[in-house]
Structure formats: C-alpha cells, structure tokens
Amino acid sequence: MELAFTGGVALIVLLGVGGQVLGRAVGVPSIILLLVLGLLVGPVLGWLDPEAILGDNLFPLVTMAVSLLLFEESLKLDLSRLGGGARRPVIGLVTVGALVTGVGGALAAWAVLDLSPARAAVIGAIVIVSGPTVVGPLLAIIRPRQPLESVLAFEGIFIDPIGATVAVAAVNVALHANPPLLGPTGATGVTAGLVGAVLYLLAVRSGWVPAPMQVPLAVAVALVAFAGAEAAFDEAGLFATTAMGVTLANQKVVRIDALHEFGSHVGLLIVGSLFIVLSALVDLDALAHYLPATLLVVALLALVVRPMATWVATTRSVLTGRERAMVAWMAPRGIVAASTASVLSIRFEHSGQPFPELVPVVFGVVLVTAVLYGLTGPPVASALGVRGPEEVALDDEGAPVIDGGSSVADS
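Residue 126 in the UniProt record's numbering sits at position 126 of the sequence shown, and the numbers go up by one each step.
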C-alpha cells in the first residue's frame, strides 16, 4: 500500500520526529532508528516512495533542506570557541585532513569494490564529510574538555560543503564533464552568504522588521542566498548558507536568540524528515549485497584513514596525544553524505552510466559509522580521560552551557 502525497508527507514528518524522540528515550543514536524506520516504510513495506510523491522536485528539495540544516548548524559556530589553540587543528582537519581522507577513502573504495579510479574518487570525496547531526548529540553525551569539543564541533560543520563540492567535481571528471573548481565555488557561496547576512542585519537593525518576523526573514534570505549561489555553481549554495550562519553567529549587531530557537525545533524536523526520505529510497537488496564490502571500507576508514588524517592535521597543535586519539576515533558520516550520494547517483543514471554501488555503499557507511561511533564514542572518551567534569554541561548540540542555562553558541 503506497501512500498518496498528503499521507506520505505526514508519515515522513511523523517518523522523522518520532524516531528522534524514541532515540533519546532509549539512549540510542537517533540516526540509527531513523535509517531503520525509513528502510522499513520504504523498501520493506512499500508504504513510502518519495520519488512518486515529489517527482522531479525530490532532489532539489533535499539539497535545499540540507542547506537549511547547515545554516541552522552554523548558527552555533561562535568563533570565540576556537580560542585556546583550537583554530590550528580545525584548519588542519578541513584542509590537509580532508585531502588525506579523500585520497584514503578513494583508495579504500578502489581496492575493496574494484571500481575505476574516477568512481572510487567520488566515494572518497563523499566520505570527506563528517556528520554534525551525529557528532553534536555525541558531544552532548561525551562532554569533552576544551579545546577538543570545539575542534570536533567546528570540523563537522566546515567540512560538509567542502566534501560535497569535491564530490561534484569528482562526478564531473568521471562523466567527462567540466568539473567545478573548489575555489570559485567556495568563493561564490561565501560571498552570497556574506551579502545575505549583511542585508539581514541591516534590515533588522533598521527597525523595519518586527521581532516575530525576524526568523522567517532569516530563513527567506538564507534560501535566496542558496539559490543565487547554486545558479552560479553546483554546491555553492551549501557554502552560502554556512557562511551566512557563521557570520550571524559572530556579529554583535543584533541578538539571534530567536534564530537559535528556530534551529532547535525546525532543524530537528529537517534532519528527521531527510533521513526518512533518503533511507526510503535505498534498495534493500543492494544494501545487503554490498554490506560485506562496506564493512571493510569502514574498517579501513576508521582504523587507517581517519587516524592518518588526524595525525597529519593535528601535528604541532595544542591537542594532547589522548585528545588527538579521540579526534581519530570520531568520524561518523551523516545526512550530507547520504543526500550527496543520492543526488549524484541520479546524475550518473541520467548520463546513461549508472553507478549501482554508490548509494548502498554510502548509506552503509553512514549506518555503520553511526552505530560504531555512537556506541563506542563515550567509553573510548572515558578510557582516554578526555571527558569533562559532570558539572560542565553541554546542550543537545554539544555547545558548552554557561550561566543561566544558555550555551556559548547562544551568546
């Protein structure tokens, strides 16, 4: 029984929210439950077919939703949290660390899946991204000391648009199209985001925008910045919304408490709905077929690639050996990896060169890394002695809570 449009949308939202509520209630990473629920109502029971419901608008809407998610996440990136030496390892992780991860991931995919170098590079680029939707809740549980907490939180946000852009470039190389350049793509997106942030601040500062309209205006401006950047370069929109969020998080012109309130509610709605939609699209037989190979790829990523990337990226930083070991053991993949794989898979199909391994392998990596790091992260942090004292509370996204119950990200 396949649901019609209204029933399908209602089911997506219900499961997206319900999965997160249940995850918090039972202490299981919600991403695991969301992926299982999406697989259940999609390929297993056949109740939900997002492509039939949304048609050709499915993947543009997914990309737009991801951009809003990055906007919401980047609103928490108060750069003052990069004090105490956190800036150097973050820069290292999103530059040379990303390069090592991309190359290592490509080599792992090439060796295990017997792919062509060009197709292996696509998977390598996608696994560059982190999983802020997984890392944030884990940080709230682990309560790492500073600067370790900031390093992990900032890496998770900044690395996502970089990995997505590199993945698009890799796909175009594989399809012999003109690859977008990371520099122009990033510059275009950042410029659009900065312009959007400035226009929003000018409007609010002028007094033209009443308080109840400030959140809707911010969302509207973020979407316009996204659309404008995307019109110039694929994936530039992710840079735009990230840049706009970071700019708003670090300005002192207007208060953005209401935007944080938006993020804590609508952001959860977006995350849950995206995971349900994307997992409902997965071919369960393909996922099972590639599972052994996926497990081997994850083993190489977790035991070889991530430690190597961390070692190179954090050399001569303020992080201690134990803190570097914790960074090496914290690399889940999340919604950006899953959505990027789904969108790029369509590119391959439309070009007449299907890439059957892409979606099941990437979704397998997302699921396995969520389970792996979700279950082992807290005990590994305890064993390494990098957890903060109980009284240093963190909010649900991993931001330190200071006096009055507000978080650093809200100040």
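If you're looking for bench data, these hints aren't it; they were derived computationally from the structure.
Glycine is no exception: its CB is placed at the ideal position from the N, C-alpha and C atoms.
Keep in mind that a hint or two might mislead.
Restraint ranges, calculated between C-beta atoms of paired labels, are given here [claimed, not checked]:
| # | residue 1 | residue 2 | range |
| --- | --- | --- | --- |
| 1 | S264 | L284 | 42 to 48 Å |
| 2 | A383 | W208 | 24 to 30 Å |
| 3 | H265 | A10 | 14 to 20 Å |
| 4 | Q353 | S206 | 37 to 43 Å |
| 5 | D114 | L284 | 21 to 27 Å |
| 6 | V253 | Q146 | 51 to 57 Å |
| 7 | G207 | Q146 | 35 to 41 Å |
| 8 | L194 | D285 | 45 to 51 Å |
| 9 | V304 | A231 | 15 to 21 Å |
Problem - Satisfaction of the hinted span 37 to 43 Å by the C-beta atoms belonging to Q353 and S206 - result: Violated, at about 52 Å.
Handout entry: Satisfaction of the hinted span 45 to 51 Å by the C-beta atoms belonging to L194 and D285
Key = Roughly 46 Å apart at Cβ, these two residues keep to the hinted range, so it holds.
Practice task
Starting from the hint 51 to 57 Å, judge whether the C-beta atoms of V253 and Q146 obey it.
Solution key: Violated - the Cβ-Cβ distance for V253 and Q146, about 27 Å, lies outside 51 to 57 Å.
Practice task
Just tell me: holds or violated, for the beta carbon distance of V304 and A231 against 15 to 21 Å?
Solution key: Violated: the Cβ-Cβ distance is about 40 Å, outside 15 to 21 Å.
Problem - Distance restraint evaluation - G207, Q146, Cβ atoms, bounds 35 to 41 Å - result: holds, 37 Å
Exercise for the section: Given the range 42 to 48 Å, decide if the beta-carbon distance of S264 to L284 lies inside it. Expected result: Given about 33 Å between the Cβ atoms, the range is violated.
Exercise for the section: Given the range 21 to 27 Å, decide if the beta-carbon distance of D114 to L284 lies inside it. Expected result: holds, 23 Å
Problem - Outcome of range test on Cβ distance (A383, W208; 24 to 30 Å) - result: violated, 55 Å
Practice task
Confirm or reject the claim that H265 and A10 have a C-beta distance inside 14 to 20 Å.
Solution key: Once the Cβ atoms are compared, 18 Å apart, the range 14 to 20 Å for A10 and H265 holds.
This entry does not satisfy hints 1, 2, 4, 6 and 9, going by the numbered hints stated previously.
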